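There are 2 protein chains.
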Amino acid sequence: MRQAGRYLPEYRALRSRLGLLELCKTPEAAAQVTVLAVEKLGVDAAIIFADILLLAEPLGVGLAFHRGEGPRILRPVRTREEVARLPAVDPQDALAFVFDAIRLARRALGGRVPLIGFAGGPFTVASYLIEGGPSRDFLRTKKVMYSDPETWDALMTRLADLTARYLAGQIASGAEAVQLFDSWIGCLSPHAYRRFVLPYTRRVLAALPPDVPVIHFGTGTAGLLEAMRDAGGDVIGLDWRVELGAAWQRLGDRVAVQGNLDPAVLLAPPEEIRAGVRAILEAAGGRPGHIFNLGHGVLPMTPWERVRLVVDAVHELSQR
Amino acid sequence: MRQAGRYLPEYRALRSRLGLLELCKTPEAAAQVTVLAVEKLGVDAAIIFADILLLAEPLGVGLAFHRGEGPRILRPVRTREEVARLPAVDPQDALAFVFDAIRLARRALGGRVPLIGFAGGPFTVASYLIEGGPSRDFLRTKKVMYSDPETWDALMTRLADLTARYLAGQIASGAEAVQLFDSWIGCLSPHAYRRFVLPYTRRVLAALPPDVPVIHFGTGTAGLLEAMRDAGGDVIGLDWRVELGAAWQRLGDRVAVQGNLDPAVLLAPPEEIRAGVRAILEAAGGRPGHIFNLGHGVLPMTPWERVRLVVDAVHELSQR
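First to last, the sequence lines map onto chains W and G.
Going by the working numbering, the residue at position 191 of the first sequence is 184; the numbering climbs one at a time, nothing skipped.
Going by the working numbering, the residue at position 210 of the second sequence is 203; the numbering climbs one at a time, nothing skipped.
Just so you know, the hints here were simulated from the structure itself, not pulled from any lab data.
This one's a predicted model, so the numbers in the text were calculated from it and none came from an experiment.
Don't take each hint at face value.
To be verified - Covered by chain W, per the in silico footprint, the following chain G stretches (three or more residues, Cβ under 8 Å):
{"id": "1", "region": "12 to 21"}
{"id": "2", "region": "143 to 157"}
{"id": "3", "region": "175 to 188"}
{"id": "4", "region": "259 to 268"}
Unchecked claim - Here are the simulated BS3-like cross-link-like pairs (lysine-lysine), alpha carbons at most 27 Å apart as the crow flies:
{"id": "5", "chain 1": "G", "residue 1": "18", "chain 2": "G", "residue 2": "33"}
{"id": "6", "chain 1": "G", "residue 1": "136", "chain 2": "W", "residue 2": "33"}
{"id": "7", "chain 1": "G", "residue 1": "33", "chain 2": "W", "residue 2": "136"}
{"id": "8", "chain 1": "W", "residue 1": "18", "chain 2": "W", "residue 2": "33"}
Stated by the list, open to error - Example chain G residues on the side facing chain W (calculated, C-beta under 7 Å, incomplete):
{"id": "9", "residue": "90"}
{"id": "10", "residue": "140"}
{"id": "11", "residue": "213"}
{"id": "12", "residue": "215"}
{"id": "13", "residue": "216"}
{"id": "14", "residue": "220"}
{"id": "15", "residue": "255"}
The beta-carbon is built from N, C-alpha and C at its ideal position, and this holds for glycine as well.
Based on the sequences and whatever the hints tell you, model everything.
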């Protein structure tokens, strides 16, 4: 979760020269920060450096990242006409730089750890396109869903197909697993999720090669777990607001789980961090199919040594 | 949930003359908007007009409400010393205006519907005191919890005792049920909730007379339901991010449930609103012990007629 990010001094140094989009579009640099995070932290997998909104840029909506803010979409997409006007996009052209970064990162990793690709989930990307940026209540998004379901369907279908081709391209370029970050689905009722999101997520995941593991992640999903599982994914990513053992029991044995330490715990004293790691490993009970992770991204103000401490604690405590 | 609020034209007219705190401190006006909402909406219970942070003001922390913003605490409380310096507060003096409003509202309601009193939950009030205002991540709050548990305990103990006396005073003044709004507990892991919140909430609720029903509410609590129940309350308030039937099953038959329509659904067309109401009533299955409500407060931009539509739909559909 945000393995390479602002909490790493080397990343900050790079970012003082390159904007976020520029960094993503420079495959050598993206591969470099991907590998750097692995070497510095000692994690068991790499995740390609990219952003969930990269796919929005070739749609011509005016994606911009301003320092210290979330992403902005300068020309939001809210009406039937605005959806219809979105240009056809071929990820092989428009997002070739991501595929190049994946090839370079694979080569630099040399098989030491597997490389994970990723994309934003259709709801989460749609919500940025509709809201024009981050949102607290997602009211514009919900308004389109409930008041203009045809526009919603048109937008979600476009995004689902584009996302499926984008992830398939990442896999063809060397990604050995992929993660779908539908980060903001936790704003929805289970009923709304099943009706307005699940069919499109299923469309994305059903289009991927069956032998590549898929991690399906969201935040605030304690009420959505069964529905997320029904949408697809070999691994369900959990945030910290659900007890891992109880969540896994609800999900059943046919899926693995990932998670779920509160990133805020990394701001606590070392003994609290170790206690938090231990509690999660105990909840997982040593069963195969648990990927230890934070419940969401590393917070920018986290001392990087604390992330290393978590990784070391996981390795040490899970070997006992 | 925010029965009297900015979505009501009469409330807005009153607020153009009186600030929020001023309105709360004018018992006649607070009782008037309480009763107005009942008459205008046709709801089955009144909830006294007040604010969960009223209790913070006599603590001398500089509570302020600026137009269009959330509440601000001008002198946040973050250290042992700052907690120790909080003055002793007697709710009978400092919050007498709430008790007066309750007496006036009871009289004006004349037994037509019961009157509910309320207070903020200890975590939620503590988070405002520590953060200094609304927060997205509650990082300062979590930092105190994890890094300075003695300060956390001192603050939560103070708030729990004050809240218990405040609610007992409301009951003595005529409140026929009380609701504890621990609105922001959903940011916590179940483990953190049980360790850092549950003991204090239990302390509040155990101090109240046993014959007055208590509604225990929070948002984003789909992973916390069992822990909230264990903290206390005759009714567990659910937000919309959990399926009501599944939640009630987890909670068991010994508690009632309240909820849980997404307030954003009230911005949808009338047929969608009715469908949303119907789905919740069906999930409740006509069993006694379900209080229909929104999952959180009415959104300020909601046309008030849509709230009335919900009330009428609940009455009509639940009589079938």
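Under 7 Å is the threshold here; is the Cβ of residue 140(G) close enough to any Cβ of chain W for the hint to stand? Holds - the Cβ of residue 140(G) comes within 7 Å of chain W, reaching about 6 Å at its closest.
Counting residues of the region 259 to 268 of chain G with a beta carbon closer than 8 Å to any beta carbon of chain W, are there 3 or more? Our answer is that it holds, as 4 residues pass the Cβ test (under 8 Å) against chain W, meeting three.
Counting residues of the region 175 to 188 of chain G whose CB is closer than 8 Å to a CB in chain W, do you get three or more? Answer holds; 7 residues pass the 8 Å Cβ test.
Would the hint linking residue 136(G) and residue 33(W) be met if the CA-CA limit is 27 Å? holds, 25 Å
Can the hint on residue 216(G) be confirmed by a CB-to-CB distance to chain W that is less than 7 Å? Check passed: Cβ of residue 216(G) comes within 4 Å of chain W, closer than 7 Å.
Double-check residue 220(G) for me: the hint is only fine if its C-beta lies closer than 7 Å to a C-beta in chain W. Constraint on residue 220(G) not satisfied, violated at 9 Å.
Has the given pair, residue 18(G) with residue 33(G), been kept, meaning a C-alpha gap of at most 27 Å? holds, 23 Å
Do the alpha carbons of residue 18(W) and residue 33(W) lie within 27 Å of each other, as the hint requires? Given pair residue 18(W), residue 33(W) holds - Cα atoms ~23 Å apart, limit 27 Å.
Verify the coverage statement for the region 12 to 21 of chain G against chain W, using a C-beta to C-beta distance below 8 Å and requiring 3 or more qualifying residues. violated (count 0)
Agreement of hint residue 215(G) with chain W interface, Cβ distance less than 7 Å: At about 3 Å, which falls below the 7 Å cut-off, the nearest Cβ of chain W leaves the hint on residue 215(G) intact, so it holds.
Hint check: 7 Å Cβ-Cβ cutoff, residue 213(G) to chain W: holds, 6 Å
Can you tell me if the region 143 to 157 of chain G counts as covered by chain W, using C-beta to C-beta distances under 8 Å and a minimum of three residues? Violated: only 0 residues of the region 143 to 157 of chain G have a Cβ under 8 Å from chain W.
Taken one by one, the earlier hints fail for this structure at numbers 1, 2, 9, 14, listed in ascending order.
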